Amino acid sequence: MSGGALTLEGVGKRYGVVRALKPLDLVVQPGTLVTLLGPSGCGKTTLLRLVAGLETATEGRILLGGQDVTQLAAGERNVSMVFQSYALFPHLNVLDNVAYGLVSSGVKRAEARLRAEATLGTVGLAGYGARLPSELSGGQQQRVAVARALVLEPELLLFDEPLSNLDTRLRRSMREEIRALQQRLGLTVLYVTHDQAEAMAISDRIVVLRDGAIAQAGTPRELYEQPASVFVAGFMGEANAVRARVLAVAAGQAEVALGALRLTLPARGCGPGEADLVVRPEAIRLGGAEPATVTRATYMGSHAEYVLATAHGPLLAMLPGGGEPHAAGSAVGFDIDPAGAVLIGQEKEEER
Amino acid sequence: MPRLSWPPPWPLLLAAAGLLLLPWHYPQDGFALVSVWGEDADATSALAQAARHGRFWFWPALAALALCAAWPRALAPAVLGLAAVLAQALAVGVQGWSAPWLEALFGALDDRQFGIGLGGACTTLGFLWLTTGALARRGAFRGDRFVAGGVGLLALLILLFTAWPVLRLLAEMAAPREGFTAWASLAERLLDRKLLSLACVVQPVGCGVLWNTLLLAACSATGATLLGLCFALLVTRTGLPGRRALRMLTVLPLITPPFVIGLGLILLFGRAGLVNQAAEALFGWELGRWIYGFDGVFLAQVFAFTPTAFLVLIGVVEGISPAMEEAATMLRATRMRAFTSVALPLMLPGIANAWLVAFVESLTDFGNPVVLGGSFGVLSTEIFFAVVGAQQEFGRAAVLASVMLVVALGAFALQRRVVARRSYVSLTGKGDAGLPPQLPAPVRRAAMAVALPWAGLTVIVYAMALAGAFVKVWGRDWTPTLEHFRRAFALEWSAGGLIFSGGAWHSLGTTLLLAGIAAPITAAMGLLAAWLLARQDFRGRTLLEFALMLTFAVPGTVMGVAYILTFNLPPLELTGTAVILLACFVFRNLPVGVRSGLAAMSQLDRSLDEAALTLRASSFRVLRTVVLPLLKPAIVTALVYAFVRAVTTVSAVIFLVSAEYEMATVFIINRVINGDYGVAIAYCAVLILLMVGAVGLIQLLVGQRRLGRRAAVPA
Numbered sequence: 463m464s465g466g467a468l469t470l471e472g473v474g475k476r477y478g479v480v481r482a483l484k485p486l487d488l489v490v491q492p493g494t495l496v497t498l499l500g501p502s503g504c505g506k507t508t509l510l511r512l513v514a515g516l517e518t519a520t521e522g523r524i525l526l527g528g529q530d531v532t533q534l535a536a537g538e539r540n541v542s543m544v545f546q547s548y549a550l551f552p553h554l555n556v557l558d559n560v561a562y563g564l565v566s567s568g569v570k571r572a573e574a575r576l577r578a579e580a581t582l583g584t585v586g587l588a589g590y591g592a593r594l595p596s597e598l599s600g601g602q603q604q605r606v607a608v609a610r611a612l613v614l615e616p617e618l619l620l621f622d623e624p625l626s627n628l629d630t631r632l633r634r635s636m637r638e639e640i641r642a643l644q645q646r647l648g649l650t651v652l653y654v655t656h657d658q659a660e661a662m663a664i665s666d667r668i669v670v671l672r673d674g675a676i677a678q679a680g681t682p683r684e685l686y687e688q689p690a691s692v693f694v695a696g697f698m699g700e701a702n703a704v705r706a707r708v709l710a711v712a713a714g715q716a717e718v719a720l721g722a723l724r725l726t727l728p729a730r731g732c733g734p735g736e737a738d739l740v741v742r743p744e745a746i747r748l749g750g751a752e753p754a755t756v757t758r759a760t761y762m763g764s765h766a767e768y769v770l771a772t773a774h775g776p777l778l779a780m781l782p783g784g785g786e787p788h789a790a791g792s793a794v795g796f797d798i799d800p801a802g803a804v805l806i807g808q809e810k811e812e813e814r
Numbered sequence: 003m004p005r006l007s008w009p010p011p012w013p014l015l016l017a018a019a020g021l022l023l024l025p026w027h028y029p030q031d032g033f034a035l036v037s038v039w040g041e042d043a044d045a046t047s048a049l050a051q052a053a054r055h056g057r058f059w060f061w062p063a064l065a066a067l068a069l070c071a072a073w074p075r076a077l078a079p080a081v082l083g084l085a086a087v088l089a090q091a092l093a094v095g096v097q098g099w100s101a102p103w104l105e106a107l108f109g110a111l112d113d114r115q116f117g118i119g120l121g122g123a124c125t126t127l128g129f130l131w132l133t134t135g136a137l138a139r140r141g142a143f144r145g146d147r148f149v150a151g152g153v154g155l156l157a158l159l160i161l162l163f164t165a166w167p168v169l170r171l172l173a174e175m176a177a178p179r180e181g182f183t184a185w186a187s188l189a190e191r192l193l194d195r196k197l198l199s200l201a202c203v204v205q206p207v208g209c210g211v212l213w214n215t216l217l218l219a220a221c222s223a224t225g226a227t228l229l230g231l232c233f234a235l236l237v238t239r240t241g242l243p244g245r246r247a248l249r250m251l252t253v254l255p256l257i258t259p260p261f262v263i264g265l266g267l268i269l270l271f272g273r274a275g276l277v278n279q280a281a282e283a284l285f286g287w288e289l290g291r292w293i294y295g296f297d298g299v300f301l302a303q304v305f306a307f308t309p310t311a312f313l314v315l316i317g318v319v320e321g322i323s324p325a326m327e328e329a330a331t332m333l334r335a336t337r338m339r340a341f342t343s344v345a346l347p348l349m350l351p352g353i354a355n356a357w358l359v360a361f362v363e364s365l366t367d368f369g370n371p372v373v374l375g376g377s378f379g380v381l382s383t384e385i386f387f388a389v390v391g392a393q394q395e396f397g398r399a400a401v402l403a404s405v406m407l408v409v410a411l412g413a414f415a416l417q418r419r420v421v422a423r424r425s426y427v428s429l430t431g432k433g434d435a436g437l438p439p440q441l442p443a444p445v446r447r448a449a450m451a452v453a454l455p456w457a458g459l460t461v462i463v464y465a466m467a468l469a470g471a472f473v474k475v476w477g478r479d480w481t482p483t484l485e486h487f488r489r490a491f492a493l494e495w496s497a498g499g500l501i502f503s504g505g506a507w508h509s510l511g512t513t514l515l516l517a518g519i520a521a522p523i524t525a526a527m528g529l530l531a532a533w534l535l536a537r538q539d540f541r542g543r544t545l546l547e548f549a550l551m552l553t554f555a556v557p558g559t560v561m562g563v564a565y566i567l568t569f570n571l572p573p574l575e576l577t578g579t580a581v582i583l584l585a586c587f588v589f590r591n592l593p594v595g596v597r598s599g600l601a602a603m604s605q606l607d608r609s610l611d612e613a614a615l616t617l618r619a620s621s622f623r624v625l626r627t628v629v630l631p632l633l634k635p636a637i638v639t640a641l642v643y644a645f646v647r648a649v650t651t652v653s654a655v656i657f658l659v660s661a662e663y664e665m666a667t668v669f670i671i672n673r674v675i676n677g678d679y680g681v682a683i684a685y686c687a688v689l690i691l692l693m694v695g696a697v698g699l700i701q702l703l704v705g706q707r708r709l710g711r712r713a714a715v716p717a
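In order, the protein sequences belong to chains A and B. Mapped onto my numbering, the consecutive letters of the first sequence carry residue numbers 463 to 814. Mapped onto my numbering, the consecutive letters of the second sequence carry residue numbers 3 to 717.
It should be emphasised that the hints constitute simulated quantities derived from the structure, not laboratory data. Remember, it's a predicted structure, so these values are computed and weren't measured experimentally. Cβ coordinates follow ideal geometry from the N, Cα and C atoms, glycine included. One or more hints might be untrue.
[What the hints assert, rightly or not] Incomplete in silico selection of chain A near chain B, CB under 10 Å:
hint, residue
1, Phe545
2, Phe551
3, Pro552
4, Ala572
5, Ala801
6, Gly802
All chains, please: the whole structure from these sequences, using the hints.
Right, dumping it as structure tokens:
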């Protein structure tokens, strides 16, 4: 494997007979931010804790900058972590919290204080050193936690759902701040979240986990536009999954039939026959050839949402600007914009 | 124009019944309803006493009743009624008018009255609830009559059974002695050499009782806290096998009468003890009677209070988020540094709390000092001997009890501040799912070296305490026997049927009966108080909470002395009755009910009762139909704990028992004081078994179903 900042080779974790994480490979390139995304219980936090050294992998190797750290304790690895609860020490003031790691690694207290002060400046908290964590707002506590991890200048910075304790608006600005900081300082970051929008906003690459295994890894655009499975498509935003029929494949392009509709889409390995077709809600246009009935119509301001009853099951459609209103119960036809539809490759769906 | 409403409000009916139908006084020789209009003035109702026996001091209350009947919703007549009842109760005592100016006003009175009885109690409650109802109608308590009534009831009971006795006790300190003024008597008692002497610092004689007590409490608290911390760390932070068994230790102080440890120690280290005999037989060493005195009491108290400290500290250690120490290890700290610089500072307030809890326990402990103290006197035993001794020095007892009260309140205030500071631990809202970190190896070894031998010793002491019941005379005649059980619990069949001929049956029956009556009252009052404090908002809520907390801080011995001082004479003449024991049980154990109620209440979402209220249910209906069913586990817990504590308590009860109402623990203490260990131990064994059964019953009833929203099956 090539020289990533972090390389996982066949890393897995069992608790007795329970398999929390199937053996998996992963490379994080220096200076990039990689997100582990997945529903709760998918193994993303376990993976993060294995990398941190808070738990030990039961199989595989973990390499940090080429050095095997699989058996090293947390304090001996050059990584830092920002905890979900921040885990700030409530009995120490902000400055001592940030300096804690430096003092532990043998830096003189005076120098540790200076460096901690400087790092507090980096995260925009200069002058807050004398306060106790309980005297700060949630967003400020978050920054202290980041500063405390940053001050050690780790090879790899870990974030465990760092924004889940903040309210929605603050979450938005904090994630932009983390991304800006990461790019400005060229940090290598492994970031865990279950929020798809957060992952899309800050990541260079996203790793979608499901049931302790990687479902798909790639850039945010790849995952959204070319999902490897219905699960990934559904997890990366609203998606309608229908069963369609591939009529013919020529030059990598498939002729797809959905009722009366005909679409030409990249085949992505599909042969003639039944196939899963993922259609984004914004790709459904009303007034087409395939019959449908509106079962619910919702006006959302910037767009309108319709739930359609069709021969292929219920479909969600989003029309920009509201369009002309269709009342619930009215019969409308629909068709599909090929730009917002994608075939799911057959060979990827071996699980269930 | 007055309007008669029909049906009349039931508090009015209660007041009317109390004044017109029921015997007003507490009869000294049983009572019968037929005599309420009879010739014996003291057995009749208030109306009869006023109309037939010329006791005109009842007329104001009767007039207030008439006014209340005319205006049942008005405030003034109800308050008038309360005032009239209070005034008549205070005005006439056992020797006629109770104040010279009253005698000057009305002339000499050739009459007296006994303590308030059923009629007086009903009338007081009736007028009280008329008052609170009227207040609620004027918008107080958010217009909620049930809440108003509950608050009124609690306030009245706290005033009667805590505030008044304690004030009475403080006043007794200054009771003039022959040839002294009040101030001089107070000063003479307070500056007593026996209380404050510091002679022991410079020469080998005893110090003042206060210093003895403080030194003993500080030493016992330190020992118990250290041991408790070791146990707590071992149980929560190591993979030690048998951790569950260690947890069982926490149940011990609940189920054992407080002097069992002392007995066990005597059987080990006393003059006829196993260790002493072995030492003499094997090495010819004469160990003597070192166990009687400071060392023995200290040892017994550390044994007795370690489980309590352990219980407090388990919560403290478990309350520290694992993420804290994980964060420290991520920040390059060694396990040892993470423990000493993060975990330990976070535990400190909790450790201080445990220390203070043990300190107060030692301060108020009576059982161990009386069994093992010998000539080493502490406050609780000195108070006891001042009261039961030949001179009956109530003034001295009052001074000692007041000193104990001040120390206890001081410790309590300190504890409140310490616990308030603890809130910073819960700063981190959402917990990370971390693993509790293992102890650093040196700390683990040290904890094990201290705690495991101690646990073994505890088991041995208990085993000794029980084994003593099955041999003839400990140390001299080791023949196995059931004779002690026979003497205590013999049953005989005779022509008349089953005869409980054993000496212990009477006290056991009384104990179980009174504890059984007290438990539901305690639970009901505790839950009512918890509900009012947790869910209701009214003016004076903090005051009520503060008064309740103070009630909890009054040591049992102080309460006992205060009760005999206060309830010896009318208007509440309760000494020697079952009522005084019941009141003592209820008010000593109320914290148990309040705490379990508060704990359960905090689990139930407030929106639950708000939802019911918006569905037009009255707040009594909300309490009955929504809150109570959800609180069943808390109710069962409060019931059983109140019962168990009533059975095993000794400090307050020892002052309040009478020949008719003797309690099990007092019976045992008297046997121990007489050196009759066999029966005492046999009785203890039976009590422990009963208590184990009771605690097992809680586990059975409550253990299975954990109520609350978090009980959902993990996905």
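Here is what the structure says about each hint:
no.	hint	verdict
1	Phe545	holds, 5 Å
2	Phe551	holds, 6 Å
3	Pro552	holds, 4 Å
4	Ala572	violated, 18 Å
5	Ala801	violated, 37 Å
6	Gly802	violated, 33 Å
The structure is inconsistent with the numbered hints 4, 5, 6, although it conforms to all the rest.
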